[in-house]
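K.L.:
Sequence:
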Amino acid sequence: MADYDTIFIGSGHATWHAAVALAHAQHKVAIIEEDTIAGTCTNFGCDAKILLDGPFELTEQLKQYQGIGVNTTPTIDWSQLMAYKQQVIQPLSVQMTAVFKQLGITIITGHGELTDTHTVQVADSTYTADTIVIGTGQRPAKLAIPGADLMHDSRDFLDLPTMPKRLTLIGAGIISLEFANMAVLLGSEVHIIEFADRALPAFYSEHVKKMITHLQAAGVHFHFGEALSQVTKTATGLMATTASGLKIESDDIIAATGRIPNIEHLGLTKVGIKTDRHGIIVDDHLRTSIPNIYASGDVISKTLPKLTPTAIFESNYIAGQLLGSTCRH
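Residue 355, in the numbering used here, is where the sequence shown stops; the numbers in between run on with no holes.
No lab work stands behind these hints, which were simulated from the structure alone. Just so you know, not all the hints are guaranteed correct.
Below, a list of computed lysine-lysine pairs in the BS3-like style, where the Cα atoms sit at most 27 Å apart [to be verified]:
{"no.": "1", "residue 1": "Lys168", "residue 2": "Lys300"}
{"no.": "2", "residue 1": "Lys75", "residue 2": "Lys89"}
{"no.": "3", "residue 1": "Lys89", "residue 2": "Lys235"}
{"no.": "4", "residue 1": "Lys236", "residue 2": "Lys75"}
{"no.": "5", "residue 1": "Lys235", "residue 2": "Lys273"}
{"no.": "6", "residue 1": "Lys328", "residue 2": "Lys168"}
{"no.": "7", "residue 1": "Lys168", "residue 2": "Lys75"}
{"no.": "8", "residue 1": "Lys75", "residue 2": "Lys296"}
{"no.": "9", "residue 1": "Lys332", "residue 2": "Lys111"}
{"no.": "10", "residue 1": "Lys236", "residue 2": "Lys191"}
{"no.": "11", "residue 1": "Lys296", "residue 2": "Lys328"}
{"no.": "12", "residue 1": "Lys111", "residue 2": "Lys89"}
{"no.": "13", "residue 1": "Lys75", "residue 2": "Lys235"}
{"no.": "14", "residue 1": "Lys296", "residue 2": "Lys191"}
{"no.": "15", "residue 1": "Lys259", "residue 2": "Lys236"}
{"no.": "16", "residue 1": "Lys332", "residue 2": "Lys300"}
{"no.": "17", "residue 1": "Lys328", "residue 2": "Lys300"}
{"no.": "18", "residue 1": "Lys168", "residue 2": "Lys54"}
{"no.": "19", "residue 1": "Lys75", "residue 2": "Lys191"}
{"no.": "20", "residue 1": "Lys54", "residue 2": "Lys296"}
{"no.": "21", "residue 1": "Lys300", "residue 2": "Lys75"}
{"no.": "22", "residue 1": "Lys236", "residue 2": "Lys332"}
{"no.": "23", "residue 1": "Lys111", "residue 2": "Lys75"}
{"no.": "24", "residue 1": "Lys168", "residue 2": "Lys259"}
{"no.": "25", "residue 1": "Lys168", "residue 2": "Lys89"}
Go ahead and model the full structure; you've got the sequences and the hints to work with.
P.N.:
Next up, the structure:
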């Protein structure tokens, strides 16, 4: 007899919705987490970003009414805003932990690795389950260049105590453009270095052009067609150098060149789970190549956007299958 009905590897939106549903149905459930309970979105991603975005969005709206009913625009204090973000976000992991424990969900702290199709090892202990769900998410991609360790990533940006006076962002994706908008509205000198010849290639080009024009008018400097080749320390900051010889000095450099799935050291190859560079390969019912092992959320290789609402849907869909309310075939 297995230790659990279902073991979830990861505790973010890709897993906990299913874990809670199964626990309510009296299934014996365990969650394995090596970082912070509740995952990236809740602690270090979209929830934090939404809180920080709000005042900037409001300020932009008020600017449109200057002279027609509004005569002043409020200023944003980043340090106060960050303190508010910490006040709201920091308790969430503790609160989710309490919810899990109240429902009888076992929380196992550490890195989980499959040793066979029904067993997960964490440190020196092993745990067995009839079903295993992998929801380990993604992490920021790291450029293989000299000085890469001098750069920070999106998680670091969302925890900055003060906004740098000079900021360089690597990549012109959604995250980079959002961060650039915040920084430039706070008065920072902002540069974006992008390897491609345009931003957001998956989006309608005319809309992207309007957004880039808006950011340029606000003071953001774009450098398209530039490949970052190295980052070095200087006496007054950090120097980003591109392959063409462009040099930009700033106080901080944020790498925002995309995200990669957390599929290493999970024992996937050992048990026969198929993957590609985009993540774990699943069928239409989120099953991996091993029928009793599912995958959910950003760790999946898929064409659908890797967003929180997608992960929530997938988590609930897996719960439906395991509870018999959704067809598995």
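K.L.:
Look at each hint and say if it fits the structure.
P.N.:
Against the structure, the hints:
no.	hint	result
1	Lys168 x Lys300	holds (24 Å)
2	Lys75 x Lys89	holds (22 Å)
3	Lys89 x Lys235	holds (21 Å)
4	Lys236 x Lys75	holds (23 Å)
5	Lys235 x Lys273	holds (25 Å)
6	Lys328 x Lys168	holds (21 Å)
7	Lys168 x Lys75	holds (21 Å)
8	Lys75 x Lys296	violated (37 Å)
9	Lys332 x Lys111	holds (24 Å)
10	Lys236 x Lys191	holds (26 Å)
11	Lys296 x Lys328	holds (22 Å)
12	Lys111 x Lys89	holds (24 Å)
13	Lys75 x Lys235	holds (24 Å)
14	Lys296 x Lys191	violated (49 Å)
15	Lys259 x Lys236	violated (35 Å)
16	Lys332 x Lys300	holds (19 Å)
17	Lys328 x Lys300	holds (13 Å)
18	Lys168 x Lys54	violated (38 Å)
19	Lys75 x Lys191	holds (20 Å)
20	Lys54 x Lys296	holds (26 Å)
21	Lys300 x Lys75	violated (33 Å)
22	Lys236 x Lys332	holds (25 Å)
23	Lys111 x Lys75	holds (9 Å)
24	Lys168 x Lys259	holds (18 Å)
25	Lys168 x Lys89	violated (37 Å)
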